[in-house]
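I would like the entire structure built from these sequences, with the hints used as guidance.
Protein chains in written order, with our numbering: chain R, 1 to 178; chain G, 1 to 452.
Honestly, I wouldn't trust all of these hints.
[What the hints assert, rightly or not] Derived DSSO-like pairs (lysine-lysine); straight-line CA-CA distance at most 30 Å: (1) R/LYS30 <-> G/LYS447; (2) G/LYS194 <-> R/LYS136; (3) G/LYS194 <-> R/LYS121; (4) G/LYS278 <-> R/LYS136.
Quick caveat, the hints were computed from the structure, so don't treat them as lab data.
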Amino acid sequence: MSSCKGYIGLYDSPEELLRAAEAVRDAGIKKWDCHTPYPVHGLDDAMGLKMSPVPLIVLFMGGVGAGVAFLMQWWMDVIDYPFVVGGKPLFSWPLFIPITFELFVLFAALAAMGSVIWFCKLGRWASPLHQGSVMKDITSNRYGIFLDSAEADFNEDKARSLLEATACQDIRRLGGEA
Amino acid sequence: MGKMVNGVPLGKQFTRLDDDICRPFESFPTGRWLVAISITSLMALCFAVAAGATVVGGIGLWGNNAPVGWGFGIINMVFWIGIGHAGTLISAILFLLRQKWRNGIARFAEAMTLFAVICAIQFPLIHTGRPWRAAYWLLPAPYHMDMWVNFRSPLLWDVFAFSTYGLVSALFWYTGLLPDLAIARERSTNWLRKFVYGLLSLGWNGSNRGWQHYEKAYLLFAGLSTPLVLSVHSVVSFDFATSVIPGWHTTIFPPYFVAGAILSGFAMVATVIIVLRKMFHLEHIITVDHIELMNKVVITTSLMVGYAYAVELFIAWYSGNSLERFAFMNRALGPYAWAYWIMVSCNVIFPQFLWIKKVRRNLITTYVIILLVNVGMWMERFVIIVTSLHRDYLPSSWGIFRPTLVDMGLLIGSFGLFLTLMLIFVRFLPTVAMAETKAFMPGAQVKGAHHE
Chain R
1 MSSCKGYIGL YDSPEELLRA AEAVRDAGIK KWDCHTPYPV HGLDDAMGLK MSPVPLIVLF
61 MGGVGAGVAF LMQWWMDVID YPFVVGGKPL FSWPLFIPIT FELFVLFAAL AAMGSVIWFC
121 KLGRWASPLH QGSVMKDITS NRYGIFLDSA EADFNEDKAR SLLEATACQD IRRLGGEA
Chain G
1 MGKMVNGVPL GKQFTRLDDD ICRPFESFPT GRWLVAISIT SLMALCFAVA AGATVVGGIG
61 LWGNNAPVGW GFGIINMVFW IGIGHAGTLI SAILFLLRQK WRNGIARFAE AMTLFAVICA
121 IQFPLIHTGR PWRAAYWLLP APYHMDMWVN FRSPLLWDVF AFSTYGLVSA LFWYTGLLPD
181 LAIARERSTN WLRKFVYGLL SLGWNGSNRG WQHYEKAYLL FAGLSTPLVL SVHSVVSFDF
241 ATSVIPGWHT TIFPPYFVAG AILSGFAMVA TVIIVLRKMF HLEHIITVDH IELMNKVVIT
301 TSLMVGYAYA VELFIAWYSG NSLERFAFMN RALGPYAWAY WIMVSCNVIF PQFLWIKKVR
361 RNLITTYVII LLVNVGMWME RFVIIVTSLH RDYLPSSWGI FRPTLVDMGL LIGSFGLFLT
421 LMLIFVRFLP TVAMAETKAF MPGAQVKGAH HE
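Next comes the structure, spelled out in structure tokens:
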């Protein structure tokens, strides 16, 4: 019994999923997740998720990129190897702006990609959801609520009855023998 | 039994979409595809041969000469980077404007951006003569000379703009692909496909704790790409506008270049997509309505470009600057008048036929017009670069530019490279964003549930 990785309930419509997610949220469970083939609007609230920090991270890294670019150009062209081009002043900063802008975008985009990898927990290929057809369903045409056995007071009967209470027609136990 | 939408279960509609999009890369290559890729790879081989010849024999093998120091190399670079801009416009700007119709063609256009950037960067690299040493000239890296690159040169801004653009487009494209790669992984029936798609999808499992951040990141990508795409072609135009050559030294260049880039890019998207939707039977996903909307963008940008041509002529006359006046008289009536009038008619006159609804909804007439636009936009770069250079201040140094066989090989070869990459893409990756399309299908969202 100890090899149970969790329970997943599969739903056929976004309405059922949203109602079920609200029920699970209100049950006070921490380690659970919804799995959907596409982003379902309103699900973040139904799950009680906090605001995503991604915009702040991206903005901050963009600022770092711009700073790096501007300082780099200033140090290289004004300090390390003072270099007059076209009779302009040494510190002709307006000409440093295009590269400053480009590196703002570059760093910000790298931060956005890094955030996707980090927050979506990508790069972890093994998942209990790879059992049976569950993964195929939730990436294609059904909606799942997964209750993780990592929950502090996880109890198989409780998990099953919680999903049953959401009028779920298709409940599956993941991992190991039942 | 799932939710019914228009009499068909929602789940079934999703499966049908997956089937339609995945079929081209799940079935054995068709004869038509094999014929197509054989032709395009032969063309790409031309590119390799011509590039190899240039590396061995030097830039002397090109038609570039003393007054016309920039020939096909820069023309092709500007042409290809411009092609890419439509992809970013469709994927980023139309996303921000919440234009739902972009779903069907966005993935495709993004791939096109990526491949066009790949083609574009070949040219400046080959033009350096010793591409393997390019990093030495182009990047601010510490070398034994103790000198740095010239940050005050638009050519260096190009280095940063192109590499940022290429990288950001690739990341944007890949981020969008993740959920679809997971679909491909789950549909795979043999271990190799399962392994490759599994590896590429990075273990995507549709978790909403992931989607939450994914959607934010995707929106930010769109927000970042929008000013980026406008900056890239502006920086390209600075290569010309910051010089003191009559015909180049004008302030209209940045917006004029961006509008031209979008015109040529949309024409190229349509050129490729009209063939591929037929080839892979995607007519019900990429519909005639899509083509019509793209045609409307073509008319709009064609008018913008036409306006720019007119303003250039007007300002040349109004400025009272005799050199400026001569440059434009020479463009319209000089030895390259043929190129100028091809440019004007293909970019401004022929697209006006798209005002007629029958013409813009008919694939054959559309195809003829957009092919002409492709030609016209290449000619535009030819006109800007060659006619401005070939007769500058000193009549004693005037000359005529004639492309050589190597030039033609590189031009045709770059089309081969582009089309080969495109054909490989449509064989191995989902060409339409499945997850995103599902999110917009009727009944896919809960009524009244809003998304912040």
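Okay, the hints, checked on the actual structure:
For the given pair, R/LYS30 sits about 27 Å from G/LYS447 by alpha-carbon distance, which is consistent with the 30 Å threshold. Between the alpha carbons of G/LYS194 and R/LYS136 the distance comes to roughly 12 Å, so the proposed pair stays at or under 30 Å and holds. Proposed proximity of G/LYS194 and R/LYS121 is supported: the alpha carbons are some 20 Å apart, at most 30 Å. A threshold of 30 Å between alpha carbons decides the hint, and for G/LYS278 with R/LYS136 the separation of about 29 Å falls inside it, so the pair holds.
When held up to the earlier numbered hints, the structure conflicts with none and fits them all.
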